[in-house]
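Enquirer: Kindly produce the complete structure, drawing on both the sequences and the hints.
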Amino acid sequence: DAKTTQPNSMESNEEEPVHLPCNHSTISGTDYIHWYRQLPSQGPEYVIHGLTSNVNNRMASLAIAEDRKSSTLILHRATLRDAAVYYCILSLLRGTSGTYKYIFGTGTRLKVLA
Amino acid sequence: DAGVTQSPTHLIKTRGQQVTLRCSPKSGHDTVSWYQQALGQGPQFIFQYYEEEERQRGNFPDRFSGHQFPNYSSELNVNALLLGDSALYLCASSLWSYEQYFGPGTRLTVT
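Read top to bottom, the protein sequences are chains L and R.
Each residue of the first sequence is one higher than the one before, counting from 1 in this note's numbering.
Each residue of the second sequence is one higher than the one before, counting from 1 in this note's numbering.
Treat the hints as calculated values from the structure; they're not laboratory data.
Don't be surprised by glycine CBs; every beta carbon is placed ideally from N, CA and C.
Misleading hints may appear alongside valid ones.
Part of the chain L face toward chain R, derived, beta carbon under 10 Å [said to hold, decoys possible]:
#: 1; residue: 36
#: 2; residue: 44
#: 3; residue: 46
#: 4; residue: 100
#: 5; residue: 101
#: 6; residue: 107
Which bits of chain R does chain L cover? Going by a derived footprint, with three or more residues having C-beta under 8 Å, they are [unchecked claim]:
#: 7; segment: 39 to 45
#: 8; segment: 103 to 111
Pulled a few chain L residues facing chain R out of the computed Cβ check, cut under 10 Å [stated by the list, open to error]:
#: 9; residue: 34
#: 10; residue: 38
#: 11; residue: 41
#: 12; residue: 42
#: 13; residue: 43
#: 14; residue: 45
#: 15; residue: 49
#: 16; residue: 85
#: 17; residue: 87
#: 18; residue: 89
#: 19; residue: 91
#: 20; residue: 92
#: 21; residue: 102
#: 22; residue: 103
#: 23; residue: 104
#: 24; residue: 106
Expert: Below you can see the structure in the form of structure tokens.
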């Protein structure tokens with residue numbers, strides 16, 4: 001299975017942009033790239049996902065490299081509530097039923113400084 | 001609209017015992033996936049159920065089994081518990097999309 005590599009931790013000042021990198025050099029053509037975040041004592045929460053093109057939503061932006069071997073999650077203005085573990089995930093599409101599974105890495109713990 | 005719910009919230013079992021964890025998917029979702037998250041680690045995929053069948057499985061022994069009911073709810077069963085099975089067990093549901101909604105998890109402690 002393809003794997004993702006992320007820095008263990010990052011720090012950001014409040015109200016500044018944050019760029020969270022992810023490497024996935026063995027990604028295959030049908031694998032989607034997802035980002036989830038997990039707050040303490042909670043289950044992971046969906047942030048954004050994409051396949052080839054850059055994506056924007058109300059929470060964040062996802063920049064995907066042209067060769068798809070890396071991606072970057074961009075939080076435009078970090079707040080204290082954004083402090084969490086951020087996971088870059090590949091969803092592997094397999095089988096005729098169209099089912100898939102998420103492969104999580106160890107994630108990046110984001111600390112936001114007031 | 002209720003999200004994904006899991007029960008129980010916490011559970012303490014003894015080595016060798018068996019445990020059953022339960023999950024109710026988000027309304028309208030038909031696919032349920034189970035993950036194990038050890039302390040300080042990312043979630044690890046156990047298996048996924050769709051149309052009451054196990055469709056995909058991660059690298060977990062046969063001691064881990066599951067079931068999906070006609071109402072799409074699901075159970076995770078673990079037999080012959082080991083100390084290493086202590087973890088947060090997460091259930092996620094989806095509807096033929098790549099966005100999985102996770103529940104809050106069940107914290108299992110094996111002593």
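Enquirer: Compare the structure with each hint and give your call.
Expert: Evaluation of the provided hints:
At about 8 Å, the closest approach between the beta carbon of residue 36 of chain L and any beta carbon in chain R falls short of 10 Å, and the interface hint on this residue holds. Hint on residue 44 of chain L holds. Least Cβ distance to chain R is approximately 5 Å, under the 10 Å limit. Checking residue 46 of chain L against chain R by beta carbon gives a least distance of about 5 Å; that is within 10 Å, so the hint holds. This hint holds: residue 100 of chain L has a C-beta 7 Å from the nearest C-beta of chain R, less than the 10 Å allowed.
Restraint check, residue 101 of chain L versus chain R: the minimum CB separation of about 5 Å is within 10 Å; hint holds. Satisfaction of the interface hint for residue 107 of chain L is found here, the shortest Cβ-Cβ separation to chain R being roughly 5 Å, below the 10 Å cut-off. With a cut-off of 8 Å between beta carbons, the segment 39 to 45 of chain R has 5 residues touching chain L; three or more are needed, and the interface restraint holds. Only residues whose beta carbon comes within less than 8 Å of a beta carbon in chain L count, and the segment 103 to 111 of chain R has 3; three or more means the coverage holds.
At a threshold of 10 Å, the smallest CB-CB gap from residue 34 of chain L to chain R is about 7 Å, leaving the interface hint in force. Nearest Cβ of chain R to the Cβ of residue 38 of chain L: about 8 Å, under the 10 Å cut. The hint holds. Here the hint on residue 41 of chain L is kept, as its CB sits about 8 Å from the closest CB of chain R, short of 10 Å. Hint status for residue 42 of chain L: holds, given a least beta-carbon distance of 6 Å to chain R, under 10 Å.
Interface hint status for residue 43 of chain L: upheld, as the beta-carbon distance to the closest one in chain R is roughly 3 Å, under 10 Å. For the restraint placing residue 45 of chain L at the interface with chain R, the shortest Cβ-Cβ distance is roughly 7 Å, inside the 10 Å limit, so the hint holds. Interface restraint check for residue 49 of chain L: the shortest CB-CB distance to chain R comes to about 6 Å, inside 10 Å, so the restraint holds. Below 10 Å, beta-carbon pairs count as interface contacts, and residue 85 of chain L has one with chain R at about 8 Å; its hint therefore holds.
At about 6 Å, the closest approach between the beta carbon of residue 87 of chain L and any beta carbon in chain R falls short of 10 Å, and the interface hint on this residue holds. At a threshold of 10 Å, the smallest CB-CB gap from residue 89 of chain L to chain R is about 9 Å, leaving the interface hint in force. Against a cut-off of 10 Å between C-beta atoms, the interface hint on residue 91 of chain L holds, since the closest Cβ of chain R lies about 5 Å away. Because the smallest distance between the Cβ of residue 92 of chain L and any Cβ of chain R comes to about 9 Å, under 10 Å, the interface hint for this residue holds.
Interface restraint check: residue 102 of chain L against chain R, minimum CB-CB distance 6 Å, threshold 10 Å, status holds. With a cut of 10 Å, the hint placing residue 103 of chain L at the interface with chain R holds, because the nearest CB-to-CB distance is about 7 Å. Because the beta carbon of residue 104 of chain L sits about 4 Å from the nearest beta carbon in chain R, less than 10 Å, this interface hint is met. Proximity of residue 106 of chain L to chain R holds as hinted, the smallest CB-CB distance being about 5 Å (cut-off 10 Å).
Violated hints: none; the structure is consistent with every hint.
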